[in-house]
Structures are given as C-alpha cells and as structure tokens.
Amino acid sequence: EPEVTQTPSHQVTQMGQEVILRCVPISNHLYFYWYRQILGQKVEFLVSFYNNEISEKSEIFDDQFSVERPDGSNFTLKIRSTKLEDSAMYFCASLGQTGKESSGNTIYFGEGSWLTVV
Amino acid sequence: GDSVTQMEGPVTLSEEAFLTINCTYTATGYPSLFWYVQYPGEGLQLLLKATKADDKGSNKGFEATYRKETTSFHLEKGSVQVSDSAVYFCALTTYSSASKIIFGSGTRLSIRP
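Here the protein sequences line up with chains C and H, keeping their order.
Counting in this note's numbering, the first sequence runs from 16 upward without gaps.
Counting in this note's numbering, the second sequence runs from 2 upward without gaps.
Just so you know, these hints were derived from the structure itself, not from any lab.
Predicted, not measured: the structure shown is a model, and the values here were computed from it.
Treat each hint with caution, since some may be false.
Derived pair list, reagent style BS3-like, types lysine-lysine, alpha-carbon separation capped at 30 Å [unchecked claim]:
| id | chain 1 | residue 1 | chain 2 | residue 2 |
| --- | --- | --- | --- | --- |
| 1 | C | 93 | C | 57 |
| 2 | C | 57 | H | 78 |
| 3 | H | 69 | C | 57 |
| 4 | C | 98 | C | 57 |
| 5 | C | 72 | H | 69 |
| 6 | H | 61 | H | 78 |
| 7 | H | 53 | H | 69 |
| 8 | C | 72 | C | 57 |
| 9 | C | 57 | H | 57 |
| 10 | H | 57 | H | 78 |
| 11 | C | 72 | C | 98 |
| 12 | H | 78 | C | 93 |
| 13 | H | 53 | C | 72 |
| 14 | C | 57 | H | 61 |
| 15 | H | 53 | H | 78 |
| 16 | C | 72 | C | 93 |
| 17 | H | 69 | H | 57 |
Listed next, the stretches of chain C that the computed footprint assigns to chain H, with coverage defined by at least 3 CB atoms under 8 Å from CB atoms of chain H [unchecked claim]:
| id | segment |
| --- | --- |
| 18 | 28-41 |
| 19 | 101-110 |
| 20 | 121-127 |
Using N, Cα and C, we set each Cβ at its ideal position, and we do this for glycine too.
Same shape as in the complex, but just chain C (with noise of 0.2 Å):
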C-alpha cells in the first residue's frame, strides 16, 4: 500500500515561530497538497503544487505560508509567524497513478501534522 508520510507528527510552538511541516509524498506522484483541519470542523484546502510550482492556493493561503520541493522528494509547508489561530491538523496529499492501480487518480493523505501554537 503506498504511503504518504509526515513529519512530526506534532509540534507545539510559541506564536510568532517559523514551523516547518515535512511531508513524502508518494514516489511518482505528480500533484501534491497541503489541506488543514481545525479541530472538529472541515478539511479545508490551502494549496496544490504541481511541476515544481503553486498551480492554486486558497485565501488562507496568505503571505505567512509558503511550499517547497526542495530535493525532489520532500515537499514541505512552512509558516512564516505562527498565529494562534494556525493550531490545527494539517495534512499532506499526493495525487497521480501508481502502479496499482487499475484506473483512475487515487489521493492518499499523510496521517497529519498536529500543530499546536501557544
């Protein structure tokens, strides 16, 4: 079963730090995401990248996140001054056809990222 996975699992920092989320995606994946889900409420979209740049992002995707590919395998979201209101689960995805696949697209999400701003 291919995996997505990410890193750290979870992370308490102080307002105003830098986080760091890291994600692997699936190997021959193409399209990758960073969704977040506040707890207890929706899975909301923040950004698709695709052929080593942003292809969409959402209004909460503002100046303080940004992504990065920066070797090939990693994929990483970065946010820039925490907020409290940045605490929440952020999940990474990754989209494309895998070898097991007998048609279609699949989305495989990573088991998530609790962040937790203090």
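Here the structure of chain C is known, so what remains is to put chain H in place on it, guided by the hints.
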C-alpha cells in the same frame, strides 16, 4: 464551481443498523468520487472510490454507487459496528480542477452498542 454536499450529522445508530450517508455533488467534467474516513484522533483514510458513472466502490462492508443521473454517491452499510464510529467525508476531483480535492463538510457517525 465544483462542490460536495453531505447530509448533516451527527448520525447516531444502534449496532447492526443499516447506514446511509447522503452525498451529492456539482461538477463540470467527469469527477472521480471518494469517501474518506477519519477515526477519532487519526488522519484521513481512503475508504472507497469510483471513477466513472455506475461504478460501485466497496470496502469493509461499505458501498457507494456513482449515480450520474442524480449526481450522488451515497455511502451505505448493511450492518454497522461500534468500530465504524468516525467522521466520513465525501470528496471529488475532476479533470477541470485536477489540482484540487473538494471535500464535503463531513458527517460524524456514532454507533451505540
């Protein structure tokens, strides 16, 4: 724009009851449809999917049929268990918005022993 609408929760059922969670969608193009499940304190897991009209996705006793005529993808299970208690999300991707997954708001399911 493309969107997914799910029945509002929470849904509370007794063990062995029949489950239906309604999901309808609006999309241009031909979406792939998914159900994801989130168990308490965990991440999102793909439960099942369907990529074209009349396809039936199934997994762990859950089923959903892609109905293009009614733009629906309702989730069903014949006999639920306490372990099925979770939040269920309906979702879609389309080629017109291939860069994004669109989620419904989620339906919380609680099963009483």
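For which of the previously enumerated hints does the structure constitute a violation, in increasing order of number?
Going through the list in order, the structure violates hints 12, 18 and respects the others.
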